[in-house]
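Peer 1: Chain A is already provided as a structure; the job is to place chain B on it using the hints.
Which chain is which? The protein sequence lines are A and B, in order.
Read left to right, the first sequence gives residues 34 to 501 (my numbering).
Read left to right, the second sequence gives residues 34 to 501 (my numbering).
Hints listed in this document are in silico derivations from the structure and should not be mistaken for laboratory results.
Check each hint, because a few of them may be wrong.
Which copy? The list can't say, so a pair holds if one copy fits it or any two copies do.
Unchecked claim - Taking lysine-lysine and the DSS-like style, the derived pairs with C-alpha atoms no more than 27 angstroms apart in a straight line are: (1) Lys-306 - Lys-435; (2) Lys-98 - Lys-147; (3) Lys-270 - Lys-159; (4) Lys-191 - Lys-453.
There are 2 protein chains.
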Amino acid sequence: MVDKQNFGPLFYPESVAVVGASGDQRKMGYQCVKSLVEGGFRGKIYPVNPKLSQILGIKAYPSIKSIPGRIDLAMVIVPAKHVPSTMRECAEKGVKGVVIITGGFRESGEPGKKLEDEILAIGREKGIKIIGPNTFGFLNLHANLNASFTPTLGRLRKGNIALISQSGGLCHIIGYGAMDGGVGFSKIVGLGNRSNVEFRDMLEYLEKDPETKVISMYIEGIDKPRELMDAAKRISKPVVVLKAGKSEGIKKAFYSHTGSLAGNFEIYRAAFKQTGMITVDGCMELFDVSKALSMLPPPEGNGVGIISGQAGPAILIADACEQLGIHLAEFSLSTMEKLEELLPPLTIISNPVDMAFTGGDPEIRIKVARILLEEKNVHSLILFHLYYPSFEFPTKEILKLKKYGKPIIICMSSPRDFLKEERVKLEEGGIPVYPTPERTAKALYGLLRYIKRDRSTETRTVQDSSQG
Amino acid sequence: MVDKQNFGPLFYPESVAVVGASGDQRKMGYQCVKSLVEGGFRGKIYPVNPKLSQILGIKAYPSIKSIPGRIDLAMVIVPAKHVPSTMRECAEKGVKGVVIITGGFRESGEPGKKLEDEILAIGREKGIKIIGPNTFGFLNLHANLNASFTPTLGRLRKGNIALISQSGGLCHIIGYGAMDGGVGFSKIVGLGNRSNVEFRDMLEYLEKDPETKVISMYIEGIDKPRELMDAAKRISKPVVVLKAGKSEGIKKAFYSHTGSLAGNFEIYRAAFKQTGMITVDGCMELFDVSKALSMLPPPEGNGVGIISGQAGPAILIADACEQLGIHLAEFSLSTMEKLEELLPPLTIISNPVDMAFTGGDPEIRIKVARILLEEKNVHSLILFHLYYPSFEFPTKEILKLKKYGKPIIICMSSPRDFLKEERVKLEEGGIPVYPTPERTAKALYGLLRYIKRDRSTETRTVQDSSQG
Chain A
34 MVDKQNFGPL FYPESVAVVG ASGDQRKMGY QCVKSLVEGG FRGKIYPVNP KLSQILGIKA
94 YPSIKSIPGR IDLAMVIVPA KHVPSTMREC AEKGVKGVVI ITGGFRESGE PGKKLEDEIL
154 AIGREKGIKI IGPNTFGFLN LHANLNASFT PTLGRLRKGN IALISQSGGL CHIIGYGAMD
214 GGVGFSKIVG LGNRSNVEFR DMLEYLEKDP ETKVISMYIE GIDKPRELMD AAKRISKPVV
274 VLKAGKSEGI KKAFYSHTGS LAGNFEIYRA AFKQTGMITV DGCMELFDVS KALSMLPPPE
334 GNGVGIISGQ AGPAILIADA CEQLGIHLAE FSLSTMEKLE ELLPPLTIIS NPVDMAFTGG
394 DPEIRIKVAR ILLEEKNVHS LILFHLYYPS FEFPTKEILK LKKYGKPIII CMSSPRDFLK
454 EERVKLEEGG IPVYPTPERT AKALYGLLRY IKRDRSTETR TVQDSSQG
Chain B
34 MVDKQNFGPL FYPESVAVVG ASGDQRKMGY QCVKSLVEGG FRGKIYPVNP KLSQILGIKA
94 YPSIKSIPGR IDLAMVIVPA KHVPSTMREC AEKGVKGVVI ITGGFRESGE PGKKLEDEIL
154 AIGREKGIKI IGPNTFGFLN LHANLNASFT PTLGRLRKGN IALISQSGGL CHIIGYGAMD
214 GGVGFSKIVG LGNRSNVEFR DMLEYLEKDP ETKVISMYIE GIDKPRELMD AAKRISKPVV
274 VLKAGKSEGI KKAFYSHTGS LAGNFEIYRA AFKQTGMITV DGCMELFDVS KALSMLPPPE
334 GNGVGIISGQ AGPAILIADA CEQLGIHLAE FSLSTMEKLE ELLPPLTIIS NPVDMAFTGG
394 DPEIRIKVAR ILLEEKNVHS LILFHLYYPS FEFPTKEILK LKKYGKPIII CMSSPRDFLK
454 EERVKLEEGG IPVYPTPERT AKALYGLLRY IKRDRSTETR TVQDSSQG
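Isolated chain A (complex conformation) (with noise of 0.2 angstroms):
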């Protein structure tokens, strides 16, 4: 049996074969060795490919069994007729973890899923890891392990957002997405047609994982609903869920995909919630949601404070938390008077506090953050900051800032090249940043409905009022 805590050879390798290297930089089983090499892996590396004698300046063997040393994770990208004989190689070899990415099994039909049992079944009797088949493969980028086709998602930084997923085209989206931003993975894990490592196994294990503090799930269908819910109330740590499969008319398209029926969308979304899961709407969501959570402490109340040099996008973030359930922190007597102290006469005193009149000052914006963070109905701070050539942004005393303990949100709008540097040290300092206002709200609202289980008492700061 799969001793199904055993994640070490498949997260920490310290040699990885790749059965079915190649030499074409069109062909995957190249582009695999060159994200393991690419992405800084340190252990050894074995090219497998009958026809040639090296891949990328290093070593290839014609087989698997004349590899000279221990394997510890096999990746695979043969075609899909010969993954079970290169599974036996790999079992007689003592490979203990495999991510077996070619395509054409269960999710092609009946002959498919004959050859999926086999693997299965060596799996089984061997208590092999198998992540796939059917997937782009996965990263852990704290051991520098790039194990997928895609070299570029090596460049990730290293974090504590594990997103796993079924679906590989996503964590492309989403891992690109945040290339541009300061926050990083933990693991990335493409589960493919989940033959022997289910979303179940992977929330187990990521519990423990101590470089892991947000897991973060896209799910198209899952075959055994029930273990995946007992699992997720076991979870202390926040799970953010992107379920598909709304729209009844792409049901076929999910079976072909990962060979997994969708099943009722609404029964699970309900279920996941009961389970504490939090749920979101779209795959940006899904980044934006656990990067919150990924950085923040959580608030105490759901009372925010909003800070804008621009009172158009604080009144779109004002109506986006509001719409969402997030209330607008009433400041106290003392809050006021403190403000009216520091702000010019022509200011009318309220939240959002508009510092328009205060021209780009950053001193007195850091001021005003003071004053509201110090201010008991302000739970958390929302800063709005616009791209101008002669306003700096004061993400040094920004950061000092988390003394409080509250959360602070950034939502920062410039031209793509500009305040790059400064998105990039307010997240590797802890401070989120969104480009609008809707998704800055948005994320807010994801850390609020995490459950702190660790508490005495379950306590949830707002009403999950997502659709659907």
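Peer 2: Coordinates of chain B only, in the frame set by chain A:
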């Protein structure tokens, strides 16, 4: 009386005075001159400042009356209390267009309101068009005119979207966001307090503006909603509207922004829909929908075809489409046969068309696109493309598909610095590109909601199911 259609001096001036020009980079009076210069304005620029002989190498004048030639447009940045006297000087000089950037008028209380009334009276008496006060300014990109305090916005492309906004901040968010692609604007106008140029006036002007195809509006509050509705009913061009003020808690913030009450959000929203305006929920959606309308032909129905190399993103696009009432087109028998002939045997033929088994072959993708565009049930086409080192995006061939006369939308995911040229070329060629499945679907939804008024009967292809 102001001739409501005489916007010439504002939008196509031959000479611009900057009253309150400054030599200090941190001042708006400096940035305004810089905006004019860097924006490539070809007419005369007259900085007005009694203490300086030049600004940015341009001869400065001590007063408006000391300027030798005619002045079409005056940008006013002097303190609020000096604005009425500046207006009088402008009137004496025969200036017919003024943009008052200075704040501190109606939005700041009774004394400010008196100042604004004074300005208004002068404008009314002398027939001067006034944009503002309390605005970032405006741009007419086709005239190389950046009459705003933000030089960066002058980098925007010439195009056919007019953005009319009660918030300068929102113009910046949308403008900065647009710089990444190949879409452009005709005019961007911050109306500010809308003292004598209102949304209604802009609608009437833009309806006849040959450079404007789509009108995009951000509205906080309106003083005479009936007049706007009446004007909107007469507009044949698509009008996309973002109305702020969903929440009760921010009504206070509204007034202090541009001196207008938010009014009842639901009533406004319903009225906007009745007049045929397309309502949206966020600032990126305002831009995304406007972009789709600016580039694409109207679809003949609400059947969409989806092509993707990755199943997960295709499912997310399909999901988002169906949620919005966009129908996944059913393929007729002949289309199925053509696809079966073309695609590898493992492929299950359905919509979305999953190209996973064809690798990154751009030729097959084009062939599939052609088959779908020939299908009568497919009224619009979404193509998903994921950056991958060895996959080329067939930009040139995709642009040729426009000949089918059906809307084609690209959803493209890549790290920021990749595929940038492709995005620009596609959008310059009239095919909009969006970064996520959800934004792609919402853009198509916006396109489908446009009532084609030029037809004998008004037709709308999907129901407007947007919330609020």
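Peer 1: Taking each numbered hint in turn, which are not upheld by the structure, reported in ascending numerical order?
Peer 2: Violated hints: 1 and 3; rest satisfied.
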